[in-house]
Structures are given as C-alpha cells and as structure tokens.
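Engineer: Just so we're aligned, residue 1 is where the sequence shown starts under the UniProt record's numbering, counting upward by one.
Just so you know, these hints were derived from the structure itself, not from any lab. Keep in mind that the hints are not guaranteed to be accurate.
No farther apart than 25 Å at their CA atoms in a straight line, the calculated lysine to any residue pairs in the SDA-like style are these [as the list claims (entries may be wrong)]: (1) Lys493 x Leu111; (2) Lys80 x Lys298; (3) Lys190 x Gly136; (4) Lys400 x Arg290; (5) Lys486 x Asp237; (6) Lys153 x Leu140; (7) Lys493 x Ala538.
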Amino acid sequence: MALFHPFFSHSTSLQLHQTPKQSQPLKLLLSLSPPIHLRPFIPSRKISLSSIKCGAVADTKPPPLPLDGDQAPAAEEDHKVLVGPTSEAERRGERVVADYDWTEEWYPLYLTQDIPDDAPLGLTVFDRQLVLYRDGNGELQCYQDRCPHRLAKLSEGQLIDGRLECLYHGWQFEGQGKCVKIPQLPADAKIPKSACVKTYEVKDSQGVVWVWMSHKTPPNPAKIPWFENFARPGFQDTSTTHELPYDHSILLENLMDPAHVPISHDRTDWSAKREDAQPLFFEVTERTDRGFAGWWGKTTDPSVKSFLRFEASCSLQNNREIVDEKTGEKHYFSGLFLCRPTGQGKSMLIVRFGGTKRSPIAKLFPKWYFHQNAGKVFEQDMGFLSSQNEILMKEKVPTKELYLNLKSSDTWVAEYRKWMDKVGHGMPYHFGHSTISLPKEPAVVEHAPAGLVAGVSASLPAKGGIGSMHAPNLANRYFRHVVHCKICRDVVKAFQAWQKALTAVAVAFAALAILVSGRQWKATLLVSAAITSAGVYACSYAVALNTTNFIRTHRRL
Numbered sequence: 001m002a003l004f005h006p007f008f009s010h011s012t013s014l015q016l017h018q019t020p021k022q023s024q025p026l027k028l029l030l031s032l033s034p035p036i037h038l039r040p041f042i043p044s045r046k047i048s049l050s051s052i053k054c055g056a057v058a059d060t061k062p063p064p065l066p067l068d069g070d071q072a073p074a075a076e077e078d079h080k081v082l083v084g085p086t087s088e089a090e091r092r093g094e095r096v097v098a099d100y101d102w103t104e105e106w107y108p109l110y111l112t113q114d115i116p117d118d119a120p121l122g123l124t125v126f127d128r129q130l131v132l133y134r135d136g137n138g139e140l141q142c143y144q145d146r147c148p149h150r151l152a153k154l155s156e157g158q159l160i161d162g163r164l165e166c167l168y169h170g171w172q173f174e175g176q177g178k179c180v181k182i183p184q185l186p187a188d189a190k191i192p193k194s195a196c197v198k199t200y201e202v203k204d205s206q207g208v209v210w211v212w213m214s215h216k217t218p219p220n221p222a223k224i225p226w227f228e229n230f231a232r233p234g235f236q237d238t239s240t241t242h243e244l245p246y247d248h249s250i251l252l253e254n255l256m257d258p259a260h261v262p263i264s265h266d267r268t269d270w271s272a273k274r275e276d277a278q279p280l281f282f283e284v285t286e287r288t289d290r291g292f293a294g295w296w297g298k299t300t301d302p303s304v305k306s307f308l309r310f311e312a313s314c315s316l317q318n319n320r321e322i323v324d325e326k327t328g329e330k331h332y333f334s335g336l337f338l339c340r341p342t343g344q345g346k347s348m349l350i351v352r353f354g355g356t357k358r359s360p361i362a363k364l365f366p367k368w369y370f371h372q373n374a375g376k377v378f379e380q381d382m383g384f385l386s387s388q389n390e391i392l393m394k395e396k397v398p399t400k401e402l403y404l405n406l407k408s409s410d411t412w413v414a415e416y417r418k419w420m421d422k423v424g425h426g427m428p429y430h431f432g433h434s435t436i437s438l439p440k441e442p443a444v445v446e447h448a449p450a451g452l453v454a455g456v457s458a459s460l461p462a463k464g465g466i467g468s469m470h471a472p473n474l475a476n477r478y479f480r481h482v483v484h485c486k487i488c489r490d491v492v493k494a495f496q497a498w499q500k501a502l503t504a505v506a507v508a509f510a511a512l513a514i515l516v517s518g519r520q521w522k523a524t525l526l527v528s529a530a531i532t533s534a535g536v537y538a539c540s541y542a543v544a545l546n547t548t549n550f551i552r553t554h555r556r557l
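Taking the hints into account, I'd like the entire structure generated from these sequences.
Structural biologist: Here it is in structure tokens:
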C-alpha cells in the first residue's frame, strides 16, 4: 500500500535520528513440539493453560527432514535470502509468549471530524458491535449496539434531543446507558433497572476516537498511543478512513511492505515507478511484547532511510526527519496507519499523512483529490489481499508454511507474524508465523441497512441506502470511504447538484438556439450550450473520480 504524500519537499537532504524505546522483558517461554497440540510450559513459571487462553494455538511445522548431498547447497543458498530465526529462543525451537488480552487495549474507532452530529454510528471491533454518537452536550457516548428490549440494533435508530432512540419500539437511552423512556410503559410504572445498555469508555486523542474494550479491567489511559510528530508546532495532515474486505493482519502486512509499492502502485503518483523495484535493507532495533521497530531504506541509497514502528493493538507509523540544506531547519514527516479489526475478513483503516512542511505542489490540490487517490491505491491491492485472506482461511496453517519471506523485502512482515506468535493466544483468532488459532465465532453476515431513498439515506454511514453507488458492499468505493468522510460526501453532493443545474441550463440554451432565427444568436446559444455541457461532463467526471473503483488497464473490457 502506498499513498501520495503531500508533505515531502524535493529540495532537502536527510539527517535522521530516532531514540528507540526501552525494550520490555519477555514474559513466558513455551517449548515447541512437532505435532498439533498445545505446548507444555517450562516449569520455571507456573501458569494454567486457561489463564493465557491458548485455545487452538498450535505449531504445525513438522521436524525437518535430513538433507542429501544435492539439497544441502540449495538449502544454504535459501538461507542467504530467506528470513530465518531472529532470536536464540526461536533457534532452539522455543516459543516466547507474552501476557496479552485483546480487550485490554484501545482501538481506533473513527476520525473525530467525521463523526455525524445527527445520527448514531454503527461500528465493530472484532466481533463486538458498538454504537457511537454525540449526546445533547456534544459528549461522545459508546454502547453495545443492541437494544435490551428485543435486541434491535441501536445504530439503526435516531437521535432525539440528544438521546439515542431505538427505532423498533422507541426506547430511549442517554448518558451511561440508562433507559429514560419506554412509550409502551403505563404512566404509573417505573422503567426496569435492567432496561439499560452496556457502555464502553471512549477517548478523543489527537483527532481520533479510541475505545477501551474491557469491562473487567479499568481503562488505562497510558495505553492510548501518542504520536509525537502530530503534536509538533505547524504539523498538518491529510486523513482518510477506509473499510476494507480483508483481515486486519493482512492489511497491516500490506502497510509495512515497502517492496510492493513500485510494482503494485506504478505511476499512481510520481513516487512509485516499477523500475525502482530493488532490494531493501532492514535493521530491527527493538522487539518488545507490544511490537517492534527499526530502520529501512533502499540499498542504492542507504543514507536515506525511514523509521518504522508497530505497536499494539494495531498502530503503524513510518517517520522521517529531514533537514533543509538552505536553512538548516529540521522538518518532521509521518505516515500513520491506525487499523481496527471489524470481523473475520474485514477491517477499517484510518490513514494520516502529515508533516511540518508541505510541498508547494500539494497546496494546489483539494483534499478530496488525495482521498480519491488513496481509494485508488487500496483498489490496486485489493485483489491480492483478498486472495491472501481466502487462502489463509482455507489452508489453516501458519504463515511459515505458506510464505517465502525475503530478507531484502519481507523483514517487517516476518517480524509482525512472529509478534502474533507471542500475543495471538490473547486474541479471538490469529495467524502467526509458527502458530494459529482459528475463529471460534462464525463470521457475521451483514444485513441490508435501513433506508428507501438512496441519495438521502446514504448521506451518512449510519443511514444506509440502496442503489449501485450506495450499496453496502466493501468492494464499492462509495461505501468503503465516501460515507465515512464528511469532505468527500459534501464534494459528491456539490458536484451532483452542479451537474443537474448545468444540465438544465445546457438544455435551455439548446432549446433557445432552435427557436431563435438570428444566426449570431443561434451561434452564441449553441456555444453556451456546449460550454455548459462541458461543465456537466466535468461534474460527472468528478463524481465518478470519487465513487468509481480503479480497474487496471489490462483488466478493462
């Protein structure tokens, strides 16, 4: 995945510095054995199997077979190019397991600027369905997306006087999930205390709303990621949100894979050219229970390098520090990817590119242009990533049985899957480098959202819609991005309104040109009709640019 970066300047030289975080101690060691079953614990620390929730976690790789004389040189050559063991424990066949519970993390829900003021918003984290809304005081409230009456989705409801109303029977809720109105209740009856909804803690941090998923452990504000560059004076960013039809682990793999950019995104913008595909260098500087970090860059220019950091639960950032040759001023640039698992084979991503200095060329383009370009980039990768997701679910084996990770392109991918080996036992399901745990819950089949008139009901993600452009389909750019983006929704509506108005004007000019007898008037009206028709086409093109999927040239009919 690659996006046009509107903040890089081309007249700068690079000087980079990053202070690595202090590594955390590893928690627990397990011994790996070839058959598919749970690993016995090393007796140096007593802990029950249920306490780490291993479930179906297994290492499925059989013992290596002895190599004959011809195979040994080939294996040696493979060892030179393929990612191998990265720790002494891995070399000894031991598995390191960290204490981890996926609910005791903050997950990115939505960009603050895009939360609707007049409708509830239905969202998910893994298989848990949530509803997010602003109450009458402008405060964010987050509940379980389920009415306690008859389990109807509250996100299909509406806001009345700052209260969330279930549109099935009109029950209303506010504050900490308290039910304050039941229309069918007798006037002298009290609302049952059990008529309340489960709440979730949410926090707004650096323009993103985060949710704490645990009801057993109090929220830990220290775990909310803090991105230093985004707090720097003069820092500006372009942020977009995208729903995607593949698992969050596949998405994160893609985002930390710079090697695919020149090929998959060739000429999407001036930063990606297939002739630039080359071996890359990677230097892992940190490995902790919460992620990893390190430097990477092109082998042809090792002085220009970026610092990548992945941190639980699912945030990835790519940072550079650039020193202006003329002024000596240091500028900071970041690509930030906040990924949220939204169910089996689905994810939502908040993308934020920013810097303390913006390219003059980027200032010439409106924000919606960068948003549609981001949509194009995801569509270029979508076929590959969906097929990856399908094969992982079908094969049901760890990635080391399926991937050939090159040291010169796939180091971060291998690091991520090995991190999943450490913490996957604390997730609903995972595919690690050496271990897997399959989903215990069946995948949720999405229902058709409410709404009869597509143009109106699809104006917000909470209101659904019908019709091809507004259909709730993750292969549809409008549904993947536009319904989640206030900027792009407003732009599409504006261009559609101008298209209708200019069409009416063009028809009027053409009709008048037929009726008038003067040659000069007829020519003037026909030219005016042609100009307004060109405006209609431009508006139509702009709408299509924001709502139509990218299709590679060799795939087009």
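Engineer: Taking the hints in turn, state whether each one holds.
Structural biologist: Hint check results:
A C-alpha spacing of about 21 Å is found between lysine 493 and leucine 111, which places the hinted pair at or below 25 Å, so the restraint holds. Between lysine 80 and lysine 298, the direct Cα distance comes to roughly 19 Å. Compliance with the 25 Å bound is thereby established for this hinted pair. Distance check on the hinted pair: lysine 190 and glycine 136 sit about 24 Å apart at the alpha-carbon level, within 25 Å; holds. With a C-alpha separation of about 21 Å, the suggested pair lysine 400 and arginine 290 falls inside the 25 Å cut-off, and the hint holds.
Restraint check: the Cα-Cα separation between lysine 486 and aspartate 237 comes to about 16 Å, which is no more than 25 Å; the hinted pair holds. With a CA separation close to 18 Å, the supplied pair lysine 153 and leucine 140 stays within the 25 Å bound. Using a Cα cut-off of 25 Å, the hinted pair lysine 493 and alanine 538 holds, with the two alpha carbons roughly 14 Å apart.
In terms of the numbered hints stated before, the structure departs from none.
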